[in-house]
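Using the sequences and the accompanying hints, generate a full structural model.
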Amino acid sequence: MKRLAAQNLAFAFHHGPPVLQGVSFEVAANEVVYVLGPNGCGKSTLFNCLSGVYTPQAGQVLLDGADLTHMAARRRAHYIGLVPQNHASAFGYSAFDMVLMGRAPHLGMFETPGRADQEAANAALDAVGLSHLAARPFNELSGGERRLVTIARGLAQESDVLLLDEPDAYLDPKNQHAVQEMIVALARQGRAFMISSHSPNNALLYADRVILLKDGHVAADGPPDAVLTAETLSAAYDAAMEVIYASNNGVQQARAVLPVRPERRG
Numbered sequence: 001m002k003r004l005a006a007q008n009l010a011f012a013f014h015h016g017p018p019v020l021q022g023v024s025f026e027v028a029a030n031e032v033v034y035v036l037g038p039n040g041c042g043k044s045t046l047f048n049c050l051s052g053v054y055t056p057q058a059g060q061v062l063l064d065g066a067d068l069t070h071m072a073a074r075r076r077a078h079y080i081g082l083v084p085q086n087h088a089s090a091f092g093y094s095a096f097d098m099v100l101m102g103r104a105p106h107l108g109m110f111e112t113p114g115r116a117d118q119e120a121a122n123a124a125l126d127a128v129g130l131s132h133l134a135a136r137p138f139n140e141l142s143g144g145e146r147r148l149v150t151i152a153r154g155l156a157q158e159s160d161v162l163l164l165d166e167p168d169a170y171l172d173p174k175n176q177h178a179v180q181e182m183i184v185a186l187a188r189q190g191r192a193f194m195i196s197s198h199s200p201n202n203a204l205l206y207a208d209r210v211i212l213l214k215d216g217h218v219a220a221d222g223p224p225d226a227v228l229t230a231e232t233l234s235a236a237y238d239a240a241m242e243v244i245y246a247s248n249n250g251v252q253q254a255r256a257v258l259p260v261r262p263e264r265r266g
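Once you know that position 193 of the sequence shown is 193 in our numbering, the rest is easy, because the numbers rise by one and skip nothing.
Just so you know, the hints here were simulated from the structure itself, not pulled from any lab data. Any given hint might turn out to be false.
Cut-off 20 Å, straight-line C-alpha distance, at most; resulting in silico cross-link-like pairs (DMTMM-like, lysine to aspartate or glutamate) [said to hold, decoys possible]:
{"#": "1", "residue 1": "214", "residue 2": "238"}
{"#": "2", "residue 1": "214", "residue 2": "26"}
{"#": "3", "residue 1": "174", "residue 2": "145"}
{"#": "4", "residue 1": "214", "residue 2": "158"}
Structure below.
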């Protein structure tokens, strides 16, 4: 498994204000790392820089010490994959066809997918519980079903590191839990996952580590219990937050994050 590292990343759009500034961290095999932060803090931009979609103006993205920008796109896709927030198809591809596209890095020029590629796509659809919709046109699926198909496509790519930009969006609680449990299981087999999310509660349940962004900076990086505190979250989101704790064998553990509502007078 390749170790992914960001070193002092900086990025801005068209000479505008910086979106990322001095962002540094490492992600190793077996890790599930959540990236949290308010809207506009740079989460999606960070994932685009890490995957090679954007080239940072400063800093480096390294895979086992090799600079990502010097790596051919096909080779890079063997090691790092990206599932973006939204994906629309202008063509009538089936759900299976969309997932099969995740096998592109494993094919040569003009090569068509073989049996192994089709098996990988079927296994990925099965992993997200959508085998029964394999033949359904992608654009006819619900928002949640389309989200699951794009996650399956990322799984079919079989990269060492998979970046999932808000994978819990559009998913009901059952599917959120199923996807997160699958991610944790795959991470324990040697892969690494970075997940951007607006759900601190999912991070409490499933993350090994949490990176908290604010204004393009890393505001905190560490285990969920250390990062997801009322003080740190309130400062990051500029809103009063509270953390609910429960006792587990005599040890107080964070169980839920909630916004603080003003007291209502009866």
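query = residue 214 and residue 238: Cα distance at most 20 Å?
reply = Since the Cα atoms of residue 214 and residue 238 sit roughly 10 Å apart, the hinted pair holds (cutoff 20 Å).
request  = With a cut-off of 20 Å on the C-alpha distance, tell me whether residue 214 and residue 26 pass.
outcome  = 18 Å, holds
message = Hint check: residue 174 vs residue 145, CA-CA at most 20 Å. Holds or violated?
response = 13 Å, holds
key: Distance restraint between residue 214 and residue 158, which requires alpha-carbon spacing of 20 Å or less   = Violated. Residue 214 to residue 158 sits at ~31 Å, over the 20 Å cutoff.
Consistency note: the structure conflicts with earlier hint 4 alone.
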